[in-house]
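Q: I would like the entire structure built from these sequences, with the hints used as guidance.
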Amino acid sequence: AAPPVLAASGSGAAAAGWAHAEPLNALSLPTWMVHVSSLIEWLAAMGLVWRYAEVSGNPRWKGLTWGMLPFHASGLCACTYHLFYNPASLQVLLALQAGLTVVGDLTCWYAAYRIYQFA
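All residue numbers for the sequence shown refer to the UniProt record's numbering, where the first residue is 1 and numbers rise by one.
Hints are computed from structural coordinates only; laboratory data are not their basis.
Please note that a few of the clues may not be correct.
[Unchecked claim] Across the chosen pairs, the derived CB separations fall in these ranges:
{"id": "1", "residue 1": "109", "residue 2": "41", "range": "18 to 28 Å"}
{"id": "2", "residue 1": "22", "residue 2": "109", "range": "30 to 40 Å"}
{"id": "3", "residue 1": "23", "residue 2": "59", "range": "39 to 49 Å"}
{"id": "4", "residue 1": "59", "residue 2": "83", "range": "35 to 45 Å"}
{"id": "5", "residue 1": "118", "residue 2": "94", "range": "30 to 40 Å"}
The beta carbon of each residue, even a glycine, is placed where N, CA and C say it ideally should be.
A: Written out as C-alpha cells, the structure reads:
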C-alpha cells in the first residue's frame, strides 16, 4: 500500500481513503510555501545586510542584522504553532511571537538610529 499522504479534508485524495485528512485549521500548501519562503528570505536579507556592513566599512549595519533576529525567531514561533495545528498546549508560542515582534521593532529601530548617527 502507498504511504499516507496529507490532504485537506474534503479533498479528492481524502475521499479516496489513501490520504490522511488534516483538521480544518491546517494551512494549505501554498500558505506553507509563503511561510517557509518568508523565513528563508529573511535569513537571506540578514546575510545581505551583514555583507553590506563589511563592504561599506560601516559596522553598525551588523547591528541591524542582529536587530532583525527577533523577527526571524517570531516567524519560527508562528510556523511551529501552525505545524502542530494550533493546539491550546502551544498557546505560549503566540505570546512569545508577539513579544519577539515587539523586541524586533525596538531592536531594528535602535539599529537604524545608530546607522543614522554614523552617517
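Q: Now, for every hint given, state plainly whether the structure supports it.
A: Hint check results:
1. Distance hint check: the CB atoms of residue 109 and residue 41 are about 21 Å apart, consistent with the given range 18 to 28 Å.
2. The given range of 30 to 40 Å is respected by residue 22 and residue 109, whose C-beta atoms sit roughly 39 Å from each other.
3. Taken as a hint, the range 39 to 49 Å holds for the pair residue 23 and residue 59, whose Cβ atoms sit roughly 48 Å apart.
4. Between residue 59 and residue 83 the C-beta distance comes to about 37 Å, which sits within the given range of 35 to 45 Å.
5. Our hint of 30 to 40 Å for residue 118 and residue 94 holds, since their Cβ atoms are close to 37 Å apart.
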